[in-house]
Each structure stands twice: as C-alpha cells, then as structure tokens.
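*Asks:* From first to last, the protein sequence lines are chains V and D.
Here the first sequence is numbered in the numbering used here, starting from 4 and rising by one per residue.
Here the second sequence is numbered in the numbering used here, starting from 216 and rising by one per residue.
Note that these hints are calculated values from the structure, not bench results.
Careful: at least some of the hints might be erroneous.
[Stated by the list, open to error] DSSO-like, lysine-lysine: derived pairs with alpha carbons at most 27 Å apart: (1) K224(D) to K398(D); (2) K145(V) to K376(D); (3) K361(D) to K145(V); (4) K214(V) to K118(V); (5) K157(V) to K130(V); (6) K125(V) to K376(D); (7) K146(V) to K222(V); (8) K452(D) to K395(D); (9) K368(D) to K174(V); (10) K118(V) to K376(D); (11) K361(D) to K130(V); (12) K9(V) to K196(V); (13) K361(D) to K118(V); (14) K368(D) to K130(V); (15) K434(D) to K405(D); (16) K67(V) to K395(D).
All figures in this text were calculated on a predicted structure; none of them were measured in a lab.
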Amino acid sequence: MNNKNKLPREAIAMRVTKELHNGNVVNLGIGIPTLCPQFIDPGKFIMFHSESGVLNYGEMASEKKEDTNLINAGGQYLSWDNPGMSVFDSAESFAMIRGGHIDVAVLGAYQISAKGDLANWKLTNRKSGNIGGAMDLAIGAKKLIIAMEHIDKKGNIKLVNNCSLPITGSKCVNTIVTDIAVIEIINECMILKEILPGWEIQDVQEITEPKLIIDKNLKEIQL
Amino acid sequence: MTTYSKIYKSTLEALKDISDNSSIMIDGFGAGPGGTPQNLIKGLKEIGSRNLTIIGNTAGITMATGIGIKEGSKDIDISILIDNNQVKKIIASYPVAPSPSILTSFEKAFNKNEIELELVPQGTLAERIRAGGAGIPAFYTPTGVKTELANNKEVRIINNKEYILEYALKADYALLKSHKSDKIGNLIYKGTSRNFNAVMASAANITIVESEIILETGKIDPHHIHTPAIYINRIVKSNE
Numbered sequence: 004m005n006n007k008n009k010l011p012r013e014a015i016a017m018r019v020t021k022e023l024h025n026g027n028v029v030n031l032g033i034g035i036p037t038l039c040p041q042f043i044d045p046g047k048f049i050m051f052h053s054e055s056g057v058l059n060y061g062e063m064a065s066e067k068k069e070d071t072n073l074i075n076a077g078g079q080y081l082s083w084d085n086p087g088m089s090v091f092d093s094a095e096s097f098a099m100i101r102g103g104h105i106d107v108a109v110l111g112a113y114q115i116s117a118k119g120d121l122a123n124w125k126l127t128n129r130k131s132g133n134i135g136g137a138m139d140l141a142i143g144a145k146k147l148i149i150a151m152e153h154i155d156k157k158g159n160i161k162l163v164n165n166c167s168l169p170i171t172g173s174k175c176v177n178t179i180v181t182d183i184a185v186i187e188i189i190n191e192c193m194i195l196k197e198i199l200p201g202w203e204i205q206d207v208q209e210i211t212e213p214k215l216i217i218d219k220n221l222k223e224i225q226l
Numbered sequence: 216m217t218t219y220s221k222i223y224k225s226t227l228e229a230l231k232d233i234s235d236n237s238s239i240m241i242d243g244f245g246a247g248p249g250g251t252p253q254n255l256i257k258g259l260k261e262i263g264s265r266n267l268t269i270i271g272n273t274a275g276i277t278m279a280t281g282i283g284i285k286e287g288s289k290d291i292d293i294s295i296l297i298d299n300n301q302v303k304k305i306i307a308s309y310p311v312a313p314s315p316s317i318l319t320s321f322e323k324a325f326n327k328n329e330i331e332l333e334l335v336p337q338g339t340l341a342e343r344i345r346a347g348g349a350g351i352p353a354f355y356t357p358t359g360v361k362t363e364l365a366n367n368k369e370v371r372i373i374n375n376k377e378y379i380l381e382y383a384l385k386a387d388y389a390l391l392k393s394h395k396s397d398k399i400g401n402l403i404y405k406g407t408s409r410n411f412n413a414v415m416a417s418a419a420n421i422t423i424v425e426s427e428i429i430l431e432t433g434k435i436d437p438h439h440i441h442t443p444a445i446y447i448n449r450i451v452k453s454n455e
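Next comes chain V alone, as it looks inside the complex:
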C-alpha cells in the first residue's frame, strides 16, 4: 500500500484553499497550512489573521525588507506593503479568536478522534509541549480544518477512535484534508467525502481506525 501515490504537501494545501471563501478571515497554523496562500484564487479576498497581532497580512517580506517588528506566529517576516493591514496587541488578537470572529482556522494534528477531538500540542516522549494559540483556535474558529498526512512518518494511524495523546480541544474538528482523502466530521462520525485516484475505500479504511461512513456523492479529490 505504501507504494500508492499520495498528494505532496503543496497539493494538500491547494485542496484546503477550496474551503476558503471570498471575504473569509482565516488563521493558518505552522506547517502545511502556511503553504495555502500561494494557491488562493486571485479573485477571492481572504483576510489572514495571525496570533502575533496582525490582520490582513500579505506576502512574506523580501530579504532586504525584513523587519523583526512584523512577524507571523511562526516568526516569519511579513511585508509592510499590504493595503488594509492592521496590528494590535495579544489580548485583542485572542479576543478575535475566542470571540468567534475567525471564520476558518487551518491547523496540523498528531491525532484526531472520531468525535472530532484534536491532539496537536504534546508528544509522549517530551516533558513539555507548546500550546501557543492552538487551544484558543481549536475552540474559537467557526470552522476548523486539519491539513495533514493521513498517517505519520513511522506509519502510525492518526485518525483514531480515541486520542491517546493529550487533547487540544474537544469535538472541534470539522474537516480533515489528508494526502489521500477529504473527511468531514458530522454528528461524531467520520464521513469520507473525497478520495485520491488509485485508492480504494478499503485502502483508506485500513489506515483509519474509526469506521468511515461513505458519502453518497463520494468524489475523487478535487484540486
């Protein structure tokens, strides 16, 4: 099964951008989610928010214009040249998140349970993990999309009946975009909506612990 084709990280990000709609306010986590902006249809207006205290940021700064006073949550330098950008303090940044003003958050995950519990802050072999803004985003965003590889690098299953790792948020995940499938969580069930060409339903089920419900309109992944 390992020799089957899988989507590269960029293609996962590309599929995620189909879920972002004109006028949405979107917060992107570190990793695959950061790859999203380059794939957004130029006809769509998306306002990106970062926990570091900036709304409607644009491209990364060119090397000559890097300023330590304008960063995203991953510490990457942002460009000052985006019309309509605003900056604010951390209490306000998180009021935006917790107050339900962010339409979509896109995060990575270590594990997701059938109920939609998310675990993405702590691994068992480390004494501490980093929470950062993840717990606030998990419960605060109107819609939570997870962008990730379907199984981890060692082949461990990430879509599980119950998370064994400490959770970030309870019943908070709405949509999961992986390198082989698109899954929605509705009424504490995982619904298989899209599948990568070359993969059979049973192949996806084999590396997904909860029983998948197959959508009546199951499609090939649309990029």
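Starting from the structure of chain V, add chain D where the hints point.
*Replies:* Just chain D now, kept in the frame of chain V:
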C-alpha cells in the same frame, strides 16, 4: 509643557530594586527579537536577582532556534537569565523549541527538574494579564475545556456551554520594549511588537520600558498612543 520625567539615566538604575523572589513579566512574542526588551534583560542578569518567576509568551526559544534572528545579530532572550540560575519558575504558552531536537536553556533545566513550568494557552495568558491590569480577579473561558489543563479548575455551564475558571495574573515588575516614548511614558510600539507589551503594561506594580526613541512630552499625537503614560513608571533609552 511639563518638565516631569520618568527617564532613568541607566538601565541598571531602573532595575536596581528588583529583589530575589520577584515576579516579572517580560514581553516578546518569542518568535524572534521583536518587542523583547533586550537591554533590560541584560541588566537583570547584571543585577543578579534570583528565584524569579518570569511570565512571558515563550521560555526563551529565540537564541537556541534562531527563529526570527537576522544573520550576524547578537539578539538575546530570557535564556541568559535561566543559564545564570536566576529563574525559579516560568509561566508561558510556548515554552520549548518547535523541534524536539533543539534543546533551549529552559528545556535543559526543565528536564533536570531545576525549573518549574506553568503552561497556559496563549489567549488565556493574554487575558489573565489583561484581567490583572483591569481589576478583574478571574474569568470563565471556553479555551482548554476537557483538556488536561482543565484538571482541578472550576467548571461552569453558562447558556449550555462549558467554561473553566482562570485567575488574573499580576507581577511585581513588567519589562517592556517600545518604539517611541515621551518623557512621561506615552508609548508607541511598532508592528507586531505591540503583542504582549501593551497588555503587560498595566499588570505590574512597577512597569519599566526601554524605548528606541524618546521624545519631548507633547510630541506624540494623542490619537496615536498605544499605551497611555498612566501605566509606565520608568523609562530608559534602548541602546542598539
């Protein structure tokens, strides 16, 4: 024009009463040096107060990871205080490096049980500090519900939704970095360096700011002030 001034001649003069066992809020998002009061941190190392509780977004990850540090710069973070055995406890949301293969000063000390950690989600940290400065003793929040961070916390159902009780945070001192200050402490920050600075300003008994530019009082348009002078006690010039 007032001649009243909160400017201190030297960093050490502004920091010299910080005693052992103090709690100190120190700004900086932590992903890079923006907003970090590096001169005040160096000064605190020189003062040498011990058994400190440091409240900040990270536990000092910039020096070890190089995140947000420009090539050739000598940026520092609170790791220098941990290396100098001055820190008893850290309260932070992002204490360790993103990659487990990079050990920060904090994580080395934490793995040896030489330092305590209170881990707080970033939004809860910001709101606890805001509440501390605003006279609100505690608040209910949806963040962290049903996670291990909710253990031993009071739970309350409000309008059919579950919340946990979080207490306000205050400190003996706050160390800030601003872009501009006038002589009485009206502050302007630059870009995302406002983040925890503007929140911590109100939550400490003594708030000390290092400012890149110091202007005569009256030279900042009142509409443009991010932190009003009421919160600031001491001002020093930030040496590049």
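*Asks:* Indicate, hint by hint, whether the structure satisfies it.
*Replies:* Tested hints:
1. K224(D) to K398(D): Status holds; Cα separation ~12 Å.
2. K145(V) to K376(D): 15 Å, holds
3. K361(D) to K145(V): 19 Å, holds
4. K214(V) to K118(V): Given that 27 Å is the threshold and the Cα spacing comes to 12 Å, the pair holds.
5. K157(V) to K130(V): Measuring from Cα to Cα gives roughly 21 Å; hence the hint holds.
6. K125(V) to K376(D): Status holds; Cα separation ~26 Å.
7. K146(V) to K222(V): 22 Å, holds
8. K452(D) to K395(D): Measuring from Cα to Cα gives roughly 10 Å; hence the hint holds.
9. K368(D) to K174(V): 20 Å, holds
10. K118(V) to K376(D): With a Cα-Cα distance of about 17 Å, the restraint between K118(V) and K376(D) holds, given a limit of 27 Å.
11. K361(D) to K130(V): 20 Å, holds
12. K9(V) to K196(V): 17 Å, holds
13. K361(D) to K118(V): 13 Å, holds
14. K368(D) to K130(V): Holds: K368(D) and K130(V) sit about 22 Å apart, inside 27 Å.
15. K434(D) to K405(D): 17 Å, holds
16. K67(V) to K395(D): 24 Å, holds
Checked against the numbered hints given earlier, this structure breaks none of them.
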